[in-house]
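Peer 1: Turn these sequences into a full structure, and let the hints guide you.
These protein sequences, in sequence, are chains A and B. Note that this note's numbering has the first sequence beginning at 1, numbered continuously upward. Note that this note's numbering has the second sequence beginning at 1, numbered continuously upward.
Since the hints were made in silico from the structure, they are not lab data. The beta-carbon is built from N, C-alpha and C at its ideal position, and this holds for glycine as well. Mixed in with the good hints, there may be bad ones.
With a straight-line cut-off of 25 Å between C-alpha atoms, the simulated SDA-like cross-links for lysine to any residue are [what the hints assert, rightly or not]:
(1) 98/B / 26/A
(2) 42/B / 88/A
(3) 57/A / 45/B
(4) 42/B / 111/A
(5) 57/A / 26/B
(6) 98/B / 51/A
(7) 42/B / 65/A
Just a sample of chain A residues kept apart from chain B, beta carbon distances all over 12 Å, derived [said to hold, decoys possible]:
(8) 2
(9) 11
(10) 15
(11) 18
(12) 62
(13) 66
(14) 68
(15) 71
(16) 76
(17) 80
(18) 83
(19) 84
(20) 111
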Amino acid sequence: GAGVSQSPSNKVTEKGKDVELRCDPISGHTALYWYRQRLGQGLEFLIYFQGNSAPDKSGLPSDRFSAERTGESVSTLTIQRTQQEDSAVYLCASGNRVNQPQHFGDGTRLSIL
Amino acid sequence: QQQVKQSPQSLIVQKGGISIINCAYENTAFDYFPWYQQFPGKGPALLIAIRPDVSEKKEGRFTISFNKSAKQFSLHIMDSQPGDSATYFCAARENTGKLIFGQGTTLQVKP
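Peer 2: Dropping the structure here:
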C-alpha cells in the first residue's frame with residue numbers, strides 16, 4: 001500500500017515519560033501535517049512541513065511538543081514529559097503540494113496513565 | 001476560538017433517507033472546503049470537496065451545497081445506507097494548506 005503510515009498504532013506510557021511518534025508520508029508528497037484528535041472531538045492542527053521551508057509550528061500546544069522531518073520523508077512528533085491531557089489520537093497527513101488534498105494515516109492512539 | 005462550527009453533533013437517519021450536515025465558517029480567506037469521513041480506528045478519508053467559487057458539487061450520492069454570502073456549507077447524503085454510518089467532518093483550508101476542522105457529526109443510518 002502507498003498510503004500514509006504511522007507507528008506505533010497504539011502507545012501506552014506513564015505520565016512524565018517522553019514519547020516519539022512516527023509518520024511515513026506518501027512517497028513524493030512534499031507537504032506533511034500533524035493533527036491531534038481528542039476523544040469525540042475534531043482534529044486540531046499541530047504543525048506542518050512544506051519542502052525545505054521553515055515548519056509552521058503555530059498549533060503546538062506547549063514547548064513539550066516538537067517535530068522534525070528529514071527532507072521530504074519521515075517525520076517524528078516528540079512529546080516530552082507527557083501529561084494525561086496529552087492522551088489523544090495523533091494523526092499525520094501528507095499532500096502533493098500545499099493546495100492539494102491531504103491524505104491521512106490511521107493515527108497513533110496515545111494513552112497516558 | 002472555533003473558526004468552523006458543525007451541526008448537528010449526532011444524526012440518526014433511516015435507510016434510504018437524506019442525511020444533512022451543516023457547517024459555518026468565519027474566515028473569508030479560506031480557499032477550499034473538504035468533507036472527511038472517518039470510521040472507528042481509521043484516519044479521516046476525503047469524501048468530497050468544493051471551492052468557494054462553486055455553489056454545488058455532486059459526486060454520486062454525496063452533494064455539497066455552498067453559500068458564500070452566508071459563509072455556510074452543507075453535506076447531503078442521498079439514499080443513506082447503513083454503510084454510511086461514520087463520523088463526518090467538515091473542514092476549511094487556509095492558504096498555508098492548514099485545515100481547520102469542525103467538531104464532527106456522528107451519523108447512524110438505521111436499516
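Peer 1: Look at each hint and say if it fits the structure.
Peer 2: Structure-based check of each hint:
no.	hint	in the structure
1	98/B / 26/A	holds (18 Å)
2	42/B / 88/A	holds (14 Å)
3	57/A / 45/B	holds (24 Å)
4	42/B / 111/A	holds (17 Å)
5	57/A / 26/B	holds (22 Å)
6	98/B / 51/A	holds (15 Å)
7	42/B / 65/A	holds (23 Å)
8	2	holds (15 Å)
9	11	holds (15 Å)
10	15	holds (25 Å)
11	18	holds (24 Å)
12	62	holds (18 Å)
13	66	holds (18 Å)
14	68	holds (19 Å)
15	71	holds (18 Å)
16	76	holds (18 Å)
17	80	holds (24 Å)
18	83	holds (23 Å)
19	84	holds (22 Å)
20	111	holds (14 Å)
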